[in-house]
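Participant: Given next are the chains, with one letter for each unit.
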Amino acid sequence: MKANKILLGMLVTLAMTSCKDDFLEVTSPTDTFIEEYYTTKTSLDEALVAAYAPLHWYDYGSTWQYNALNFISEFMSDDMYPNGSSNTDQPMLQLMFNYSCTPVVCLTGVWSDSYSGVKRSNDVIKYADWVEAAGNITASEKADYVAQARLLRVFYYLQLWKFYGNVPCYFENLEAPYISEQLTADEVYAKVIAELEDIIAGGQLKDDYPAEMKGHVTKPLAYMIYAEMVMIQNDNSRYGKALSFMQELINSGKYKLTVNFQDIWEEFSEWNSESIFEINYFDDNSVRGWGNQLGAGGAVFPRLHGPRSFKANAGDPYEDVDAGWGFSAIPLHSVASFEEGDLRKEFSAFDLNAHGTSDDPGWMATGYCLYKYMCRKSNNKDQKADADLGFNNNLRVYRYAETLLNAAELLLKTGGSASDAAKYVNEVRARAGLAAVNGVDEDVILNERRHEFMGEGKRYFDLVRTGKAASVLTPNNDSGGYRTKAWSEDVRYLPIPQDNIDAAQGTLKQNGNYGSN
Amino acid sequence: MMLLALFVSMTSFAQSILGTVIDENGEPVIGATVVEKANPQNATITDFDGNFNLKVEAGKILAISYVGYITQEVAASNGMKVNLQPDDKMLEEVVVIGYGVQKKSVVTAAIAKVSSDDLDGTAPVRMDNALKGLAAGVNVTSSSGQPGAAARIRVRGIGSVNDSNPLYIVDGMPIEGGLDYINPSDIESIEVLKDAASGAIYGARAANGVILVTTKKGKMGKVTVNYNFSQGWQTAWKHRDVLDATGYMVMQNEGLVNAGQAPKYADPYNVTTNTDWQDLLFNDNAPVQNHELTLSGASEKVNYYFSLGYYDQEGIVGGNYGHSNYNRLTLRGNFNFNVFDVTKERNWLNKLDVQVNLSYARVKNAGLDVNSQWGNEIGSALALPPVIAPYVTGQDAQDQIDYYSSTYPEEYVPMYGDNGELLNIPGAGFNEMANPLASFQLPATNYWSHKFVSNFSATLGIWDGLKYRVSYSTDMSFWGNQSYATPYWISPTKHRNYSSTSMESDRGTVWQLENVLSYDKTFGAHTVNVVLGQSAFENSGWTLGASRNNLKDYNKPWINAATGLAADGDRDGWGGPGVKHTMSSLFARLSYNYDERYMVQGTIRRDGSSRFGTNNKYGVFPSVSLGWNVMNEKFMKSTNDWLNNLKVRFSWGKNGNDNIGDFRYTVLTQGGNNYGFGMAGGEKEITSSKASGLSNPDLKWEESEQYDFGVDFGFLNNKVTFTVDWFKKKTNGMLKDMNIPSYVGESKPIGNVGDMENTGIEFELGYKFNISDAKFQIKGNASYLKNKLIKLGNAAGFETYDNVSNLGNISRAEAGEPFPYFWGYKTDGIFQNWEEVNAYTKDGQLIQPDARPGYVRFVDVNDDGVIDDADRTKIGKGTPDWTFGATFNAAWKGFDFMMFWQGTYGNDIFDATRRLDLPSINLPSWFLGRWTGEGTSDKYPIYIQGDATNWQASDLYIHDGSYIRLKNIELGYTIPEFITKKAFISRLRLFVSAENLLTFTKYWGFDPEISSSATSCGVDFGVYPQPRTWRVGFNLTF
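From first to last, the protein sequence lines stand for chains L and F. Residues in the first sequence are numbered from 1 upward in steps of one, following my numbering. Residues in the second sequence are numbered from 1 upward in steps of one, following my numbering.
Keep in mind that the hints are not guaranteed to be accurate.
Simulated crosslink set (SDA-like; lysine to any residue; CA at most 20 Å straight-line) [as the list claims (entries may be wrong)]: (1) F:K494 / L:W290; (2) F:K684 / L:V287; (3) F:K556 / F:S505; (4) F:K617 / L:F23; (5) F:K684 / L:A211; (6) F:K580 / F:Q512; (7) F:K786 / F:V724.
To give a feel for the contact side, a few chain F residues facing chain L, derived at Cβ under 10 Å [stated by the list, open to error]: (8) W542; (9) V579; (10) L668; (11) V744; (12) E746.
Chain L stretches covered by chain F per the calculated footprint, using a threshold of three residues with CB under 8 Å from any CB of chain F [to be verified]: (13) 28-39; (14) 165-175.
No wet-lab data here; the hints were simulated from the structure. Every value quoted in this text rests on a predicted model; they were computed, and no experiment measured them. We put the CB at the ideal spot given by N, CA and C, even for glycine.
Just need the whole structure built from these sequences, with the hints factored in.
Facilitator: Here's what the structure looks like:
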C-alpha cells in the first residue's frame, strides 16, 4: 500500500514534468522583442531619436575615428593641416591630407556611422507601419515620422555620396545574405535626389520646430541639401529648382545673418536666425565618454582642433582657451588669402602667438588654428563623464550665409539677375566688414565661400565641383611644403573600407585606383 | 518421542562457534554476514569488534560475506579467525558514466577516472585544481597562486574560440559557478568523459568534455569518525632575478648615454638605497590551515556520510594586509535510506531507496588584481627600481608632503605605512606603478558567498531489472562583495579625494528535475542495459547593488552611513534579474555485450535550449561506441601468464556547446542611442530605443564531432596496466560575427561560422609491485595534443588578443595555426658592426635603414625588403604539446610515502612584465648580457633608454614555458594500533608534506604556469606565483 502511494507520487511527478515548449521561451528582463515593442507612439518616438543619434557620432563614433563633418574634407582642401604630434598621429587624417589613404587605413567612421543612420531611418519607416496597424497613430502623424526618417536617410546618403561616391544605396534594410548592389555616384545621386524631391513634394516637412525640439530635420534643411547636391553634381536640369528653394528661404524673411561674425560660434547663438541646421552637442550632464562614445552629450572635435600644449597669456581675453590636440593648423597661405580688413580672418584663423604660448605646437604648426570650434574651458565645464568628449559646441551644418551664396551662384548659372547675385554676396561681405562688389562671377563667389566657411567642410567639394581641385590642390600651392602628392580624379572619393569589399562577395568595387598598388 | 529424541540429538551436535572476521589490514569487519551454507536461515552478523557467535556444528561450511570483499567459505571451528580480502574487481572496476555506472571491463568510451586515493596525495583546495596531472587528456592550468583561484581546464584541447569550459556534474547536478563549494576530501571519484560517445548523454553541453563528480558515502559497519588536520606555511618558491641598485644605475646611465642624453647617476657604485621590492612584496611563511571532520557509517537501512570542513589560507602576496585571503567552511550530509526491500519476496515493486545529498559552503575571500601590467602590487614591485626606498623620513618626508600638496592641491593625501612612516611615492616616470606597500594600505574588496546544493532522489525497483529513478536538485547561491575607499594618493594615476562605498548582492537559483528508467538484464551470455530519461533545467538569478560617496566615519563603511546624494551624482544603484536559461531534454542509451567479449553502446540525446534560435530549438546528439575484449576469446588463453587484459575500443559521436549567450538569434530593443534636442544650452537628452542588431534565427549550438580509438592492456596479473587513446575532435560552427559588409548599418549578426580541430594521443600507465613487506605503486599519464584553428569565420579572417602596452596585441588567431599563438617578429641575432647593417639588404636597399651596430636583426619574413607588420609571424604558443603527471606511492610497515610529479612540454611564455613606455623601471638581471660592443652579445640588443625599435613584439620576449614540478611529496607514519588503541583511537597517522617543492623550468619568471582568461594562456604580466608550502598534520580515526 505504502509502496503504491509512493509509486503514484512518482508518476504524478513524471506527468508534471512532461515538457512544454513555452518552458524554453524566455524573456529578457530589460528588453523586448521588436515586433512586440514597436506598436505605440512612444516607441516610435524612441526609434526616431535613435535614427538621429548617428548625427553626433560623426565627430567620434562607431569606429573610434575622429571624423567630424566640418574638418575631414577640410584636410583634403588647401585650408587646413591635420598637424598633430607627428605624421603618424591619427594616420588616417594624415594620409587623407596627402590623398594617400589605403583601403585599410582610411576613413571608416563616416561609412559606418552613415549606414547606421540609414538602417535606423529605414527601421522607423517600417515601425511606423506597425504602429499605424496597431491603431496608435493617425495617418498624418505617421506621415510626419516617415518624412523625418526619409530626410535623415537622405542626409546620411549625402555624406556617403560626397565622400565615397560609388556606394550601395538601399531604402529597405538588408536581409541575408546582406548584400546590396553598388551604384555609381551618378546613380546614387539620381536615386537620392529623386527621393528628396518626393519628400519635399510630400509637404510633410515642418518649417521649424519650437526651441525645445531644435535639432529635428526641417524643410529648409531639405532645401539646403538639395542645393548642395545639385551644385556638386553640376546638374543644370535642377539649378532652377534649387534656386527657387534658396529664394524661398531668402524671401521668407525668417533668416538673417548674425550681426557679428564671431558670435556665430558662441553657445548663445546656437540655432539663431542664421542657423539652418546644426548637430547638437551639450555639456550639461553629458555622459559621453571614452567608454560611451555613442552616448548623447558633448563633442570631442573642439578638443581635437584645439591648439597643442597651448597656454593663454594671463589676462588675455581668450584666457579660457584650453590646450587641445592640435589638429587644425591653418596654413599661412590661407591666412594670407584674406582681404585686408576681413573681420572673419581673426575668427577663422586664431593667432596663437598673439594670445599665448605652445612648447609643442605640432609637426605642421603654423601659429594659427581654427577659431570656430575653439575648445574653451567654459564649454565643457558641466559634463559628467570625460572632459575631452564634453564640449557643448554644436556643429553648424548649414548657415543662412550659404543660402545667400548658393542663391547667388545659382542665379549666375541660370542666367538670372546678376545684380541680385551681387546683392546676396554683398550681404555676406558687409557682415565681414568688406566693401560691396559691383559684379560677381563664380570665382568671386568661390572666394567668398572660402573665407566665409573656412574650417566648415565646404571648400574641398567647392574645388572639386568647379573643376579647380587639380590645379589648386598641388604640392606647389602648399606654403608649408607638406603636401607631396597632387589631387587627381582618382582620389576624388575616399577608398571604400577594405573589410566591406572583402565581405561583399565580389559585389563591391574599389574607388579610383586605391588598393591596386 | 522418537522424533523429539532425534531432534535433541541433532541439536546436541550443534555448538556455539565463536569467531572473528578481520579485513586485509587486520581491522575488525563490522556487520559481516556469517551464514551456514547448508542452512542459510542459520545466520548472524559480526559485532563492533568483528566477533560472531553462531550455533553450528563444527566442520560445517560457513560463508562469510561483506560488501566489497570476496566471500569466503570456511569450515566452522571455535575461535576461528576469518581474513576477508577485498574484491578488487568490484571496488576498482566500476566507472561512473552519465546516469549510471558501468563495469570497467565493458566500458567502450574514453573515460578518465580519478579516485579519492589519487586526490588524497594532492591536498587541493578546489576540485578543478585537483585534476592537475592526474588524468590524461585533461590540461589544468592554475590561473595564479592567489588563494582560492580557479583553474583553467581544457579537456582534449581548446574546443572553441568562445567558451571551452567543460560541463561539471556533481552528483547528477550541473554546477555552473562556485565550484569551490566542494571540499575535495568529500569526493569519492571524478570521472572525466573525454570522448563524444561518453559525453553524448549530456548532449548540448558536452562538447568540451564532462566532469562527473561523485561525493562519498558511508561504509557498512560501525560509525567511523575521522578528523584530519594540517597546518602549513607558504613561501614564494622563486624571486625574479632583477638588477640591484648598482646594476640599475649602470644600465640607466648606459641607456641614457646611448640615447644621446646625460647619465643620471654620478657614481653607480655609491649605493645609498638598495631596496629589494620583492622582499617587501612577499608575505613569507603565510599560514594555511585545514580541518576536516567526517562521520560516516551504514547499516542495511541507512547509509550516511557527514562532513565539516574549514580551510583558511593567507596569500603569499598581500595576505598579511588582508588583500589576498581565502576562508571556506563546508558542510555536507549524504544520506541513503532504504524505505523497503522485499527483493527476496517478489520481483516487482520490491525496493525503494531514497537518497538525499545536502551541502553548504561559505566562502569569504579577498583577491589582488593578478597578472596585470597596469600597476598592481606585483607588477609595481617588479617595476620599481632598487634606488627608491619604500619609506621616507625626516626632511624628505616633509619635502614630499610639501611637493605633492602644492602640485595636487585638494587631491593629495599623505599615506603612512604600518610602521607610521610616510610611504614613498615613486614619482614621475612611473605612471601607474605605485609603492606596493601603499596599495596594501587601501581597503580591500571583500567577496563572500553562500552556496546550498541539494539533491533528492528516489529509486524504485519496478520489475525484474527495471528501475525508475526520479531526482530533484537545486543549487541556491548567494554571493556579493563589499568595498570602500578612503581618500588616497598613491600615484598620479591612482588617487581620489573623496570616500565611497559600494555593495553588491547576487543570487542564482538552479533546479533540475530528472526521470530515468533503466533496465539491466543478463540472459545467458547476453547483457543488456537500457536507459531512458527526461531532464528539465532552469537557471535564474538577479543582482542588486548600490554605491554611495562621502562616508561619515571610515570605521562604518556602509551605504547607510554615507551622506552622498543622488542629485550630486554621489549615490547610484543597479539591479534586476538575469536572463533565465532553460533546457528540456530526452535521452536514451543502449548498451549490449556478448559474453563480455563484444560490446556495443549507442547514446542519443535531444536537447531544447532557451538559447537556441527559433529554427533550431532542439538539437539531437548521437554517439556510438564499440569494444572488443580480445582477452576473453578462447584463443588468448595461452597468453594468460603475462597478458591479462586486452581491449580495443572505438567511438564516434557529436556533442554540442550551448554556452552561446542569450537572445543572440533574435532582435530585442536596445536603449542608449539618445540624442539631444533643444537649443543654446537648453539641450535635453531624449530617450531612444532601437533594434539591438540583426537576427539570425538559424543560430544554434557549436558542435563537436569526435572519433576515439583506444586500447587497454593488463600485464602480469594486471599489476601493469597500460591504456592508449587516439582522438580527433572537430568543432564545427563556432560562433563569430558573420562576415558581411558593415554597410548593413548594424552590428553584424552572430553566426555558426568557425571550425577548430584537436587531435591527440593519451597514455596511462600503472604498475603495482611488492618487495617483501613493502608495497609500491607507480601511476603515470601523458597526453599529446595538437590544436588547429580551421576557420575563424569573421570578416577579417583573423583576430588578435592579449594587448601589451606599447607592443599592441601579441596573440593572434588564424586559420591553420594553433589557437591562439604568439604573434611577433622573428629575430636573427644582433648587428655586430656597420658592415653587417649594410649587408642586410634586399635588391640593394637596406632592410633596416635605421639600424646601427647593436641593433636587433629582424627577419624579413615576407621578403619584401621592409620590416613591418606583415613580417609578424608565429613565434610561439601558450598551450603545451605534452601534459604529464606521475605518482609514486610506497608503504612499508607503518610508513607511507607519496610523490606526485606533474608538468608540461612545448608551451611558451610571452614575458610582458616590462613596460616599454616607462624607461626608468627596473630591469631583469639578464639585461646585463646586452650588446656593448662587437662580439658581446648576439641575442640582446644595445640598451638605449626609450628604445622601442629593438623591443617590438618579437621572439626576444618568448621563453620556454615547459616545466616539471614535484607538485606534492608526503611522508606519513601510522602509529601502531596497539599503542593508539589504549586511547580508543583506531588509527593515528602523522604526516609531513611539501607542495611545489621542486620545479624544473628554463623560465626565469615567478611561475611557468600562467593563464589569465579563456583565450589567454602563457602571457606573463607578473603572475602571482604558486607558493611552496610545507605542511604538517595528522589523520585521526575513532
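Participant: Please go over all the hints and tell whether each is borne out by the structure.
Facilitator: Structure-based check of each hint:
1. Proximity of K494 (chain F) to W290 (chain L) is assessed by CA-CA distance (about 18 Å); at most 20 Å being required, the pair is judged to hold.
2. Distance check on the hinted pair: K684 (chain F) and V287 (chain L) sit about 12 Å apart at the alpha-carbon level, within 20 Å; holds.
3. As the CA atoms of K556 (chain F) and S505 (chain F) are separated by approximately 19 Å, the hinted pair is consistent with the 20 Å bound.
4. Restraint check for K617 (chain F) and F23 (chain L): satisfied, since their Cα atoms lie roughly 12 Å apart, inside the 20 Å limit.
5. Between K684 (chain F) and A211 (chain L) the CA atoms are separated by roughly 11 Å; this keeps the pair inside 20 Å, and the hint holds.
6. Between K580 (chain F) and Q512 (chain F) the alpha-carbon distance is near 13 Å, which keeps this suggested pair within the 20 Å criterion.
7. The hinted pair formed by K786 (chain F) and V724 (chain F) meets the criterion: a straight-line CA distance of about 16 Å does not exceed 20 Å.
8. The interface hint given for W542 (chain F) holds, since its Cβ lies 8 Å from the closest Cβ of chain L, which is under the 10 Å cut-off.
9. Because the beta carbon of V579 (chain F) sits about 6 Å from the nearest beta carbon in chain L, less than 10 Å, this interface hint is met.
10. Checking L668 (chain F) against chain L by beta carbon gives a least distance of about 4 Å; that is within 10 Å, so the hint holds.
11. A distance limit of 10 Å between C-beta atoms decides the matter here; for V744 (chain F) the minimum to chain L is near 5 Å, and the interface restraint holds.
12. Interface hint status for E746 (chain F): upheld, as the beta-carbon distance to the closest one in chain L is roughly 5 Å, under 10 Å.
13. Judged by the Cβ-Cβ criterion of 8 Å, the stretch 28-39 of chain L is covered by chain F as claimed, because 8 of its residues qualify and three suffice.
14. Coverage of a stretch by a chain is defined here by at least three residues with a beta carbon nearer than 8 Å to that chain's beta carbons; for the stretch 165-175 of chain L and chain F the count is 4, and the condition holds.
When held up to the earlier numbered hints, the structure conflicts with none and fits them all.
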